[in-house]
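S.K.: According to our numbering, the sequence shown holds residues 1 to 343 in order.
Hints were generated in silico from the structure; no laboratory data involved. It is possible that some hints are incorrect.
With a straight-line cut-off of 27 Å between C-alpha atoms, the simulated DSSO-like cross-links for lysine-lysine are [to be verified]:
1) LYS185 x LYS72
2) LYS83 x LYS314
3) LYS48 x LYS314
4) LYS109 x LYS314
5) LYS50 x LYS155
6) LYS299 x LYS62
7) LYS255 x LYS97
8) LYS155 x LYS48
9) LYS84 x LYS53
10) LYS85 x LYS72
11) LYS53 x LYS85
12) LYS238 x LYS255
13) LYS304 x LYS314
14) LYS185 x LYS212
15) LYS50 x LYS212
16) LYS212 x LYS53
17) LYS97 x LYS314
18) LYS48 x LYS97
Label pairs and their computed distance ranges (CB to CB) [stated by the list, open to error]:
19) GLU74 x LYS97: 29 to 35 Å
20) PHE217 x PRO313: 38 to 44 Å
21) THR236 x ARG158: 39 to 45 Å
Since the structure is predicted, the reported quantities are computational estimates derived from the model, not experimental observations. Think of the CB as a built atom: it goes at the ideal place given N, C-alpha and C, for glycine as much as any other residue.
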Amino acid sequence: MDEEIKVLHFFAEYGLFLAKVATLVLALIVLISFIIAAASKGKSAKEKLKIKKLNKRFEDYKDTLNDQILNKNELKQIAKTDKKKNKAAKKQPHTRKRVFVLDFNGDIKASATTSLREEVTAILTVANPSDEVVVRLESPGGIVPCYGLAASQLKRLRDRNIFLTIAVDKVAASGGYMMACVANKILAAPYSIIGSIGVVAQLPNFHRLLKKNNIDFEQITAGAYKRTLSMFGENTEKGREKVQEDVNNVHEIFKEFIIENRPNINIDEIATGEHWHGVQALNLQLIDELMTSDDYLLKSSFDKDIYEVHYEPKKSFADKFSLSLKKASDEFLGPTQKFELFY
1 MDEEIKVLHF
11 FAEYGLFLAK
21 VATLVLALIV
31 LISFIIAAAS
41 KGKSAKEKLK
51 IKKLNKRFED
61 YKDTLNDQIL
71 NKNELKQIAK
81 TDKKKNKAAK
91 KQPHTRKRVF
101 VLDFNGDIKA
111 SATTSLREEV
121 TAILTVANPS
131 DEVVVRLESP
141 GGIVPCYGLA
151 ASQLKRLRDR
161 NIFLTIAVDK
171 VAASGGYMMA
181 CVANKILAAP
191 YSIIGSIGVV
201 AQLPNFHRLL
211 KKNNIDFEQI
221 TAGAYKRTLS
231 MFGENTEKGR
241 EKVQEDVNNV
251 HEIFKEFIIE
261 NRPNINIDEI
271 ATGEHWHGVQ
281 ALNLQLIDEL
291 MTSDDYLLKS
301 SFDKDIYEVH
311 YEPKKSFADK
321 FSLSLKKASD
331 EFLGPTQKFE
341 LFY
């Protein structure tokens with residue numbers, strides 16, 4: 001019995017020791033992070049516009065594989081043929097069209113718009129109507145004004161008569177589809193998710209919990225609809241009706257935007273909040289072609305110059321640290337932090 005007590009006591013002490021060590025390590029990590037953040041205050045990385053020519057990447061893939069699967073004579077023949085092609089190309093005027101490739105990975109606040117607006121601006125300084133912009137778009141949607149701005153950035157390209165192609169490999173739903181419908185052409189992978197053309201407003205209400213615990217919540221407003229729904233106050237039917245009216249109005253604006261950009265679509269059939277896979281979306285005219293972005297760019301590279309454009313905003317260490325904390329908070333709390341309308 002004494003031996004069992006000693007063993008249990010040992011493990012209890014050991015567990016307490018591990019807890020202390022873990023706490024100390026965590027405290028050190030936090031302390032070091034703040035020291036680095038303080039030291040880097042005011043020192044931020046420069047903003048960057050990165051350009052990569054994707055043709056070279058594809059050519060490197062081809063050369064690497066050929067080195068492994070062809071014999072010396074075959075490699076010599078290919079090298080001779082390529083040399084003739086390059087020599088002939090140099091004598092000809094440069095007529096190859098250009099394709100600029102952008103990536104948009106959308107979160108609930110369409111944060112990637114920060115880079116998108118700069119990338120679009122950069123392209124517009126050099127692009128002409130013979131060029132094309134391909135946006136590899138992935139987004140399940142989010143807050144209405146955020147995705148409205150993102151869609152407006154893409155519309156800048158259309159307004160300058162630049163051919164815009166949107167390629168969806170995984171998802172373009174709700175606000176993501178609002179962006180996609182701006183394009184001249186929408187490509188989608190067969191099992192990507194497309195649609196979800198609807199609007200939602202949601203937040204929890206803790207009024208009954210507060211009342212049960214005898215906690216009062218005071219809210220003073222000016223204007224009949226300044227606060228329609230509340231997290232802590234008692235919601236009224238009048239407030240709910242006003243929110244429903246707002247949601248319906250935003251939905252109508254959403255539908256009008258889609259009709260403006262894709263006039264052949266049956267809006268009543270697709271504006272139900274449902275989503276479809278790419279193979280179904282094609283029949284509903286939500287998209288124009290079933291194809292992955294990889295295949296489209298590879299085919300384009302045969303007769304066009306493909307440039308990947310990415311803008312990196314300047315961020316100090318403190319910015320990155322606070323951004324990571326904020327992102328974790330957003331993922332944990334989600335849309336319940338405050339009342340918003342969501343696509």
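S.K.: All hints, please: hold or fail.
M.R.: Verification of the hints:
{"no.": "1", "hint": "LYS185 x LYS72", "verdict": "violated (43 Å)"}
{"no.": "2", "hint": "LYS83 x LYS314", "verdict": "violated (42 Å)"}
{"no.": "3", "hint": "LYS48 x LYS314", "verdict": "holds (7 Å)"}
{"no.": "4", "hint": "LYS109 x LYS314", "verdict": "holds (19 Å)"}
{"no.": "5", "hint": "LYS50 x LYS155", "verdict": "holds (23 Å)"}
{"no.": "6", "hint": "LYS299 x LYS62", "verdict": "holds (14 Å)"}
{"no.": "7", "hint": "LYS255 x LYS97", "verdict": "violated (34 Å)"}
{"no.": "8", "hint": "LYS155 x LYS48", "verdict": "holds (24 Å)"}
{"no.": "9", "hint": "LYS84 x LYS53", "verdict": "holds (22 Å)"}
{"no.": "10", "hint": "LYS85 x LYS72", "verdict": "holds (20 Å)"}
{"no.": "11", "hint": "LYS53 x LYS85", "verdict": "holds (19 Å)"}
{"no.": "12", "hint": "LYS238 x LYS255", "verdict": "holds (26 Å)"}
{"no.": "13", "hint": "LYS304 x LYS314", "verdict": "violated (32 Å)"}
{"no.": "14", "hint": "LYS185 x LYS212", "verdict": "violated (56 Å)"}
{"no.": "15", "hint": "LYS50 x LYS212", "verdict": "violated (57 Å)"}
{"no.": "16", "hint": "LYS212 x LYS53", "verdict": "violated (64 Å)"}
{"no.": "17", "hint": "LYS97 x LYS314", "verdict": "violated (32 Å)"}
{"no.": "18", "hint": "LYS48 x LYS97", "verdict": "holds (25 Å)"}
{"no.": "19", "hint": "GLU74 x LYS97: 29 to 35 Å", "verdict": "holds (31 Å)"}
{"no.": "20", "hint": "PHE217 x PRO313: 38 to 44 Å", "verdict": "holds (39 Å)"}
{"no.": "21", "hint": "THR236 x ARG158: 39 to 45 Å", "verdict": "holds (43 Å)"}
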